[in-house]
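> What follows is each chain in one-letter form.
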Amino acid sequence: MDSPVLAIEHFSAGFGETQVLKDITLSVLPNRVTALMGPSGCGKTTLIRCINRMHELTPGATTSGRILLHGEDIYARNPILVRKKIGMVFQRPNPFPTMSIYNNVVAGYILNGIALKRQEKDRIVEDSLRKAALWDEVRDRLHKKGTFLSGGQQQRLCIARALAMNPDIMLMDEPTSALDPKATAYIEQLICDLKKNVTIILVTHNIAQAARVSDYTAFLYLGELIEFGTTEKMFTVPQDKRTEEYLSGKFG
Amino acid sequence: MLQAPTLSEKKRSINDMNGTGVLLRIFKDYLFQTAVIVGSITVFVPLLLILGYIVRNGIAAVDWQFLTGPPRPIGEPGGGIANAIIGSAMLIVIASIIAVPIGIATGIYLSENRSSRAAVIVRMCIDILQGIPSIVVGIIAYAWIVVSSGTFSALSGGVALAFIMLPVIIRATEETMNMIPDTIREASLALGVSYTRTVLKVLVPAGVSGILTGILLSIARIAGETAPLLFTSFGNPYMSTDIFKPVDSLPHIIFNYAISPYPEWHTKAWGAALVLIVFVLGLNISAKILTRRWTVRF
Amino acid sequence: MHISSDRIFKTILALAGISIPALLIAFIVTLLIDSVPAFLRIGSAFFTETTWDPVAQQFGVRAFVVGTILTSCIALVLSIPFSLSIALFLGEYYRTGVWSTLLKSAIELLAGIPSVIYGMWALFVLVPMVRSVQLQLGVPPYGIGIMTASLVLTVMIIPYSASISSDVIAMVPADLKEAALSLGATRYEMLRSVVLPYALSGISAGTLLSLGRALGETMAVTMVIGNANRMPDSIFSPANTMASIIANEFAEATDPVHLASLIKVGLLLMIITMLINAAGTYVIRKKTLNQ
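Chains as they are written, first to last, in our numbering: chain X, 3 to 254; chain Z, 1303 to 1600; chain F, 1059 to 1349.
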């Protein structure tokens, strides 16, 4: 058994007076896909936004408890350093509109003012695009704007952008919710391939997607962690009645 | 809201079911539409008259010498408006140097703190600032700069114009920045990019065409302003490039020549008006083309 | 290091934001302080006196207030039929198409013409026209005067009220209009009973905002109003507005009380336009928030 790369300990979060997450405790193992699922409003998006400290950007956001990355509390570190270590892919593809495909991939370096040699950049771009299974489609138009790609390609470009920073963990917030079924299947395959390189935490409201791609699944309901375990176990013998009801489509 | 018209319509339509009432109603409808069309088309009359006069009288005055030559005293043939063109350019540059940075920064501030109380107050002040008559802005620039420096100057005129420019640039910047989706900002922050770099390297480049459009429109707006210059840049019949001395400007020279008793100067006023209007409308058209050609896709 | 540079950046932005209210306050304070000599020497006679005679040290603003209100209100009344027509044309009858594009460009062009050019055109073209009308009517043929200023102001404010009003008219919900039409109302009846009542507050706001513009308009008015420092006795007589008296006398005013009185006229003008604009903006904001 590997030691966990990320440990969430008694973590709560909210907006102003409203408590969105209540006392979550959860460990994420390296090179696995961990799915966070639950009906809308259950706090799954808030939880992953806490993991790279994006939650606190919303005015009135509150947090308590600890989130440990390699045993170190991320809330004791500078959020900018945390975000460089923990990449994120959003619900809607959001390539930088003014940048070429090439610059989008190395955007994390450009925007952070990290100077790279030309060959170094070329290597990162090719490597990240290959990992994101986009290289063959865009290799001849690397200097076109990223926004001219299709939705599925844009999302893979965003994955490549996150991979280029060589993160320990990649957070994916319903990455296929804005995509058509074919592009969705492509991204799901990609997620399975990527776990060789990176630990993935995936938010999804799609039960079937969690079953298809994840190794571990956490079920959240009304801000509480109801059940957490291997995907196989949860989908075959759920421990909690609410999990069972959710999986059989009784709510959500 | 819906009910009042519903009832009255109903009553009327039942009364009018028979014969002439309907015809009369259709006739009234037709009459009203005709009145709307005629009333609308009428605005072309003053527009075409004004443009027609300027082009017809202006073209006769404008030649190379007119654009590049200094003015000559009345009675001497020839003479140009080069001093006014240079003066206008100086005033616009001075105003832009002051207003563009403050305007863009304020626009970003408003867009970044959209619903804060401070932003509401600042927005209200911008509304008020924009509504202040330009002649009053001239008084302010006079009181602040002309009085303290003891002389009319290009600088004081530029400051007056900067106050007029500011609200336009702020508005354009704020509206442009508000249109950039939040997801773009999040993408940058999630890569560990600092707030400063996110704003300056991601958001501002994404909004640059809108901001530039705002700057062009604000220049078009101030290029024709005369009232605030009457007692700030004051006018100067000689060529001057000293920002601490009075300068002439296109709108000012139009005013002085137009109210003069000399027909030769009237011709020059038409010529200067043609130059000014080509410049102002050119800026407006460039702003339009800029928005159309250079829109950032999100 | 990043944290501190972010803080500096945010501070710079906030300073820029605060500079706007600060500027506004500084404007008002400056005008107040610089008009003090006029308060001391003239006192309330400034508001009650009709005589403005710098040589005799008499500075009463009444004639100019009357001149300003007359020119602006005549212009407003004259502009309403046209701006309302354009608003209905663009907001209801022809929302798209060649004619609406053409009309929109015409309005933008009118709005873009500098005020001094309007003034010059009025001086050379409108003044002779008005003069010949005056000859026909048997009134003194000055040509210049309140009526001429109002005419040029009319053309200048049409673009503003028309574009605000057409936006408001276009905002009237389609289902309300369809409800009226489905009951057998003609388009005119639908406009009169549904659209205009619905858009009325927005149209009046547009009218208020264009009044605010008309009140402060300087150059075009200055060039054709006749520069007469007395109470106007007819709509054709030469006069001065608050803005035009400043334009005409400020640069030559050497006497401190004269200068302070002109600044006080400016202060008064600013307060009046601020109130009018505030009312207009308030109505517009309320209207858009209700949507």
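To be clear, the hints were calculated from the coordinates, so they are not data collected in a lab.
A couple of the hints might just be wrong.
Said to hold, decoys possible - Below, in silico cross-link-like pairs of lysine-lysine (DSSO-like), each with a Cα-Cα straight-line distance of 30 Å or less:
(1) Z/K1590 x X/K147
(2) X/K197 x X/K87
(3) X/K146 x X/K87
(4) X/K123 x X/K197
(5) X/K184 x X/K147
(6) X/K24 x X/K123
(7) X/K24 x X/K197
(8) Z/K1330 x F/K1344
(9) X/K119 x X/K146
(10) F/K1162 x F/K1235
(11) X/K133 x X/K147
(12) Z/K1590 x X/K146
(13) Z/K1330 x F/K1068
(14) F/K1068 x Z/K1547
(15) X/K252 x X/K24
(16) X/K243 x X/K198
(17) X/K147 x X/K119
(18) Z/K1547 x F/K1235
(19) X/K24 x X/K119
(20) X/K87 x X/K119
(21) X/K87 x F/K1345
What the hints assert, rightly or not - Simulated DEER-style distance windows between Cβ atoms:
(22) F/D1233 x X/E247: 37 to 43 Å
(23) X/A78 x Z/R1419: 45 to 51 Å
(24) F/L1239 x X/K184: 41 to 47 Å
(25) F/L1333 x Z/V1347: 51 to 57 Å
(26) X/Q121 x F/G1155: 28 to 34 Å
(27) X/F150 x F/T1069: 37 to 43 Å
Just so it is clear, CB atoms sit at the ideal spot from N, CA and C, and this is done for glycine as well.
> Each hint should be assessed against the structure and marked as holding or not.
A quick look at each hint next to the structure:
1. Z/K1590 x X/K147: Answer holds: Z/K1590 to X/K147 is near 23 Å, not above 30 Å.
2. X/K197 x X/K87: Cα-Cα ~16 Å, so holds.
3. X/K146 x X/K87: holds (28 Å)
4. X/K123 x X/K197: holds (23 Å)
5. X/K184 x X/K147: Cα-Cα ~23 Å, so holds.
6. X/K24 x X/K123: violated (43 Å)
7. X/K24 x X/K197: Since the Cα atoms of X/K24 and X/K197 sit roughly 29 Å apart, the hinted pair holds (cutoff 30 Å).
8. Z/K1330 x F/K1344: violated (33 Å)
9. X/K119 x X/K146: Given pair X/K119, X/K146 holds - Cα atoms ~21 Å apart, limit 30 Å.
10. F/K1162 x F/K1235: Holds, at roughly 24 Å.
11. X/K133 x X/K147: Answer holds: X/K133 to X/K147 is near 20 Å, not above 30 Å.
12. Z/K1590 x X/K146: Between Z/K1590 and X/K146 the Cα gap is close to 25 Å, so the pair holds against 30 Å.
13. Z/K1330 x F/K1068: violated (61 Å)
14. F/K1068 x Z/K1547: violated (37 Å)
15. X/K252 x X/K24: holds (23 Å)
16. X/K243 x X/K198: violated (34 Å)
17. X/K147 x X/K119: Distance of about 22 Å is within 30 Å: holds.
18. Z/K1547 x F/K1235: violated (61 Å)
19. X/K24 x X/K119: violated (46 Å)
20. X/K87 x X/K119: holds (22 Å)
21. X/K87 x F/K1345: Answer violated: X/K87 to F/K1345 is near 48 Å, above 30 Å.
22. F/D1233 x X/E247: 37 to 43 Å: holds (41 Å)
23. X/A78 x Z/R1419: 45 to 51 Å: Roughly 33 Å apart at Cβ, these two residues miss the hinted range, so it is violated.
24. F/L1239 x X/K184: 41 to 47 Å: Since the Cβ atoms of F/L1239 and X/K184 sit about 45 Å apart, the hinted range of 41 to 47 Å holds.
25. F/L1333 x Z/V1347: 51 to 57 Å: violated (34 Å)
26. X/Q121 x F/G1155: 28 to 34 Å: violated (57 Å)
27. X/F150 x F/T1069: 37 to 43 Å: Holds, at about 38 Å.
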